[in-house]
Amino acid sequence: MSDLRDLYQEVILDHNKRPRNFRILPQPTHKADGVNPLCGDRISVFLDIGDGVIKDIAFQGAGCAISSASASLMTEALKGKPVEEVDHLFEAFHDVVTTDCDCPKGLGKLSVLAGVRDYPSRVKCATLAWHAVRAALEARKTPVATE
Amino acid sequence: MSAPHALSTAPAAGAGLDLARIRADFPILHQRVHGKPLVYLDNAASVQKPRAVIDAISGCYTGYYANIHRGVHLLSERSTTAYEGAREKVRAFLNAASVQEIIFTRSTTESINLVASSFGGSAVKAGDEIVITGMEHHSNIVPWQLLCERAGATLKVVPFTDAGELILEEYERLLASGRVKLVAVVHLSNALGTINPIKRMIDSAHARGIPVLVDGAQAVAHLPVDVQALDCDFYAFSGHKIYGPSGVGVLYGKRALLDAMPPYQGGGDMIRLVTFEKTDYADLPNKFEAGTPNIAGVIGLGAALDWLTAIGLEAVAAHEHDLLEYATARLSGIPGLTLMGTARDKAALAAFTMQGAHPHDIGTILDREGIAIRAGHHCAQPVMQRYGVPATARASFAVYNSRDEVDALVKALWKVKELFE
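Protein chains in written order, with the numbering used here: chain A, 1 to 147; chain B, 1001 to 1421.
The following block holds chain A by itself, in its conformation from the complex (with noise of 0.2 Å):
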């Protein structure tokens, strides 16, 4: 049990449970989709932006308890940010769900997924909300799949 702990870490277990932002803005300056069409896990995300800065972020959707959690942590990460560093801490995100790298500093609580790495299947839902968030940046219609 002990190295499943390390994946389902209490923190991620609270916000899979009680994920934080998890609901729709009404007027959203940025909104997108992102599927995991293997799983069948969906989401939402919707950003609202003013001043090249992350004001309100939120999701909804049904999946995993790691792509629950990782959406949740990511809102409160993403939240107050310049839109100019999504970029930056998904890139330093991504490194830490797929390397065995040393955390990089920044990261907060988004390092609690770093147990992901063992788990190579479970990338995906790691990362799905993140995908997600890039495309409403990117302003694309199509829902953004990870597969």
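Bear in mind the hints are in silico, worked out from the structure with no lab data behind them.
From a predicted model like this one, the values you see are computed outputs, not experimental measurements.
There's no promise every hint is true.
Cβ-Cβ distance ranges computed for the label pairs, FRET-style [stated by the list, open to error]: (1) Y1387(B) <-> P120(A): 28 to 36 Å; (2) R1179(B) <-> P143(A): 29 to 37 Å; (3) E10(A) <-> A1372(B): 21 to 29 Å; (4) P143(A) <-> E1169(B): 37 to 45 Å; (5) P120(A) <-> P1335(B): 29 to 37 Å.
Here are the simulated BS3-like cross-link-like pairs (lysine-lysine), alpha carbons at most 30 Å apart as the crow flies [as the list claims (entries may be wrong)]: (6) K17(A) <-> K79(A); (7) K1417(B) <-> K109(A); (8) K1411(B) <-> K17(A); (9) K109(A) <-> K55(A); (10) K17(A) <-> K55(A); (11) K17(A) <-> K1415(B); (12) K81(A) <-> K31(A); (13) K109(A) <-> K1415(B); (14) K17(A) <-> K1417(B).
Where a beta carbon is used, it is the ideal one built from N, C-alpha and C, also for glycine.
Keeping the supplied structure of chain A fixed, place chain B upon it in accordance with the hints.
Frame of chain A; chain B shown alone:
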């Protein structure tokens, strides 16, 4: 001889079946996964291969492999004999009337596409209807959708109950339209475990002159199939779900239908005489086997059928029915676990959801306990939509599984509960 349905009352733990000996036939089962003994319960996706099949494939490549149907040399003759010998084994296994009714393909999917393209392409016109059911695998949905699109025909779907049983009154109503050109129905549902009443459905369709294709991918390894007794017009299955290799499939078709159908693919081996003006096609079954086939794969499939027949499908069905009853009882004892698919006539497969735990999380946690299951939509998204769930977890059993493995599954599911409580 007792009637086949009497087997459902067979006593516990696979009467007449030597489980230790069967397990010894499967080299892959004797390993540890994440430090735990492997418990392989993903058999509806693909089953493992007995030594006899591995040896048959290896024996072909090391002993006598050559191309078939064309060589004058010894190896080619031996390969041809083994390949055609496997066709006879398939014929006997399905009790088909003739080896000419047995077509080798790549998979169940290709078998269905062959019928959709060749039979459908010539027999289905604008305004016609094709009837399928709500519990089909994508491979028995999409080929018909493509055909309907090409022909201007309409796809009609037989609904099913919450328990996972087809509503036969609706089936009869759909047949009565007078426009139905073909019925395509799954014998055993991969997502629910339901064994459909295909004999009754075939009789109803035939009463109106409508041919029936049966998708037997999940059925053939678990229950005896007699295509003449069923009187089905087409029956499709895959090698890899019946202890044989992947990359080889079978299409059984009634000779009169196959004779009237145009070729599916053109190429070598399916011709009698080619000139640039005209090509005469070969007789059955070669007409539908263009190109060099999966020779060793077909020979491996023949070995798988020999292996399974030696155990006997009645004994297999009895053992697996015991596993189903045991698993159903034990899984029902886990609070918050809901079984999906509770048909009265059901195969050894348990699809379920758990409160608070997503199927993928269940799959990951079970994997760390050495237990392989499937999590997802099982290539049957309409079934997931019917129940309003994005995915399910599925444990599916084969002849080599044991009650001990059911216990391991249940124990691991309690760990899932503990983690997500």
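Results of checking the hints against the structure:
no., hint, in the structure
1, Y1387(B) <-> P120(A): 28 to 36 Å, "29 Å, holds"
2, R1179(B) <-> P143(A): 29 to 37 Å, "36 Å, holds"
3, E10(A) <-> A1372(B): 21 to 29 Å, "28 Å, holds"
4, P143(A) <-> E1169(B): 37 to 45 Å, "38 Å, holds"
5, P120(A) <-> P1335(B): 29 to 37 Å, "32 Å, holds"
6, K17(A) <-> K79(A), "20 Å, holds"
7, K1417(B) <-> K109(A), "25 Å, holds"
8, K1411(B) <-> K17(A), "23 Å, holds"
9, K109(A) <-> K55(A), "20 Å, holds"
10, K17(A) <-> K55(A), "25 Å, holds"
11, K17(A) <-> K1415(B), "17 Å, holds"
12, K81(A) <-> K31(A), "17 Å, holds"
13, K109(A) <-> K1415(B), "26 Å, holds"
14, K17(A) <-> K1417(B), "13 Å, holds"
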